[in-house]
Every structure is written in C-alpha cells, then in structure tokens.
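Visitor: Sequence:
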Amino acid sequence: MHSNTFNPKFAANEQTSEQRQHIVEQALAISRSQDREPSAEAHAQYARYIQGELTMEEVVAEIMQSKILRAASGFAQTGN
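In the numbering used here, the protein residues as written are 1372 to 1451.
Bear in mind the hints are in silico, worked out from the structure with no lab data behind them.
Mixed in with the good hints there might be a few duds.
Said to hold, decoys possible - Restraint ranges, calculated between C-beta atoms of paired labels, are given here:
{"id": "1", "residue 1": "E1389", "residue 2": "A1415", "range": "15 to 21 Å"}
{"id": "2", "residue 1": "S1437", "residue 2": "H1393", "range": "22 to 28 Å"}
{"id": "3", "residue 1": "A1415", "residue 2": "S1444", "range": "17 to 23 Å"}
{"id": "4", "residue 1": "K1380", "residue 2": "Q1405", "range": "25 to 31 Å"}
Predicted model only: the values in this text are computed from it and were never measured.
Virtual Cβ for every residue (Gly too), placed ideally from N, Cα, C.
Could you build the full structure based on these sequences and the hints that come with them?
Guide: See the structure below:
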C-alpha cells in the first residue's frame, strides 16, 4: 500500500525537495535575467525552503523583514 505523504504546508507542485529546487532555480533565473543577484541571506533562506523548513511565503516574509530592518538601520545611521 502506498502511503499518502502530501504535506499541507506546501502546494501540490512543491511537495518534494526536487520540486522546490526547481522553483528556486526558476526564481533565480528570473532575477538574474533582470541583472539582480539575490543576497547570500536570500540564498540561505531558499536552501531552508528546499529542505522543507520554510514555505515560500515564509522565505519572502523573512527576506522582506531583513530588508526593512537594513533600511531602517541605514535611515537611523544617516540621521534622517
């Protein structure tokens, strides 16, 4: 009997690490086609997504939060 290993945390097209890897590769290709290379931190978050630790929504939220914190820090340092 084949067990159902569907993980509701992920969409049907991102159930396996291979599927998630493919999604990340597509996202990176789009970014690079626009002359944008994701940060090392973003790559680390993508790796966690591929491993199944985070959903893509969580990855995006963490990356956005980091950008907000960096911007706020830069704003505070310039005295504006």
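Visitor: Decide, hint by hint, whether the structure agrees.
Guide: Hints and how they fare:
no., hint, verdict
1, E1389 <-> A1415: 15 to 21 Å, "holds, 20 Å"
2, S1437 <-> H1393: 22 to 28 Å, "holds, 25 Å"
3, A1415 <-> S1444: 17 to 23 Å, "holds, 19 Å"
4, K1380 <-> Q1405: 25 to 31 Å, "holds, 29 Å"
Against the hints set out earlier in the document, no violation occurs for any number.
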